[in-house]
Amino acid sequence: MKVKIRYCGQLKQAAGCPVEEVESGSGLSAQELIASVAASHGEPLSGYLLDGSGGLRATVLAFVNEEQVDWETARPLSDGDELVFMSAIAGG
Amino acid sequence: MIEPKPLTDEERAVYEWQMWVPEFGEEGQEKLKGASVLISRIGGLGGVVAYELAAAGVGRLVLAHAGDVKPSDLNRQLLMTHDGLGKSRVESAARRLRELNPRLEVEAIAENVTEDNAAALVGSVDLVVDCAPLFEERFLMNREAKSQGKPLVECAMYEMEAQLTTFLPGETRYLHELYPEKPEWWKREFPVFGAVSGAVGCMGAMEAIKVISGIGEPLTGELLVFDLGEMRFHKMKLGAS
Numbered sequence: 000m001k002v003k004i005r006y007c008g009q010l011k012q013a014a015g016c017p018v019e020e021v022e023s024g025s026g027l028s029a030q031e032l033i034a035s036v037a038a039s040h041g042e043p044l045s046g047y048l049l050d051g052s053g054g055l056r057a058t059v060l061a062f063v064n065e066e067q068v069d070w071e072t073a074r075p076l077s078d079g080d081e082l083v084f085m086s087a088i089a090g091g
Numbered sequence: 000m001i002e003p004k005p006l007t008d009e010e011r012a013v014y015e016w017q018m019w020v021p022e023f024g025e026e027g028q029e030k031l032k033g034a035s036v037l038i039s040r041i042g043g044l045g046g047v048v049a050y051e052l053a054a055a056g057v058g059r060l061v062l063a064h065a066g067d068v069k070p071s072d073l074n075r076q077l078l079m080t081h082d083g084l085g086k087s088r089v090e091s092a093a094r095r096l097r098e099l100n101p102r103l104e105v106e107a108i109a110e111n112v113t114e115d116n117a118a119a120l121v122g123s124v125d126l127v128v129d130c131a132p133l134f135e136e137r138f139l140m141n142r143e144a145k146s147q148g149k150p151l152v153e154c155a156m157y158e159m160e161a162q163l164t165t166f167l168p169g170e171t172r173y174l175h176e177l178y179p180e181k182p183e184w185w186k187r188e189f190p191v192f193g194a195v196s197g198a199v200g201c202m203g204a205m206e207a208i209k210v211i212s213g214i215g216e217p218l219t220g221e222l223l224v225f226d227l228g229e230m231r232f233h234k235m236k237l238g239a240s
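Residue numbers (numbering that gives the first Met the number 0), protein chains in the order written: chain A, 0 to 91; chain B, 0 to 240.
Treat the hints as calculated values from the structure; they're not laboratory data. There's no promise every hint is true.
Stated by the list, open to error - Straight-line Cα separation of at most 25 Å, PhoX-like style, residue types lysine-lysine; simulated pairs: (1) B:Lys234 to A:Lys3; (2) A:Lys11 to B:Lys4; (3) A:Lys3 to B:Lys236.
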């Protein structure tokens, strides 16, 4: 299956692109894909996305098809889903 | 609870066009006149929020922002002017707002939000609009707004992107619950166009007007995210817990 990944805010620079499409086996959860994306990109993106224990950082929100992913509940993915990563930003 | 204030004939003339908006009318205008709003800070985002709320007839604005006007403010901080360089930001802002609306009550606080003043600042108003550049200030305002039962409009921007949502007591989570930690990588100075801060500032002002007057549907439980580089707009549904 193919999943589109979109990076917002400072994550765009960390990923080196605003959007990418990844192909994976069926049955993958959003949490597993996020871990896989972090591993394949390496630093700096992995450090932005994941904390020391491999969980989603408290400064990042993840959404699948515009609904926030609850890290504690496996979110199954389907072909054509869009995963969005958003980092906290402020004002000025 | 906002106590509506009756309008004068002059105010009816000034606000005639927005009182034509269905469901708003004179009753909505009286609520705006009776309302008070804290805006921190009043730079690229907050300045535009303040200008729109002053134009719309909100009765009292509390502006919190330390420091003097610098050249690098002038690409986006629309309440600041070239002749105000080196002078107090809040005083420049208050002067511009009074020129627009001499009926407006403006309280200009030449301080940023801190542990020492957050409770009193939030406690002095009906609604907060968070436009601060530092997460320490944002978390302080959000914690106080939640504990004091005050609505808070959260505006943010970066490069050509912006985020907007509205927190309501008893209904939504607040910023410190959505993002429990401040991002280590965030810096007070960052790339942005004034047109981006202005766009999200106008939208933040409209959220405040909706919450105060009770019209429309505020962005509660949803995060509006937009990228003006691609003119892409999304409403993201936030989790409940």
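_Unmet hints by their number, sorted upward, for this structure_ = When the structure is compared with the hints, only number 2 turns out to be violated.
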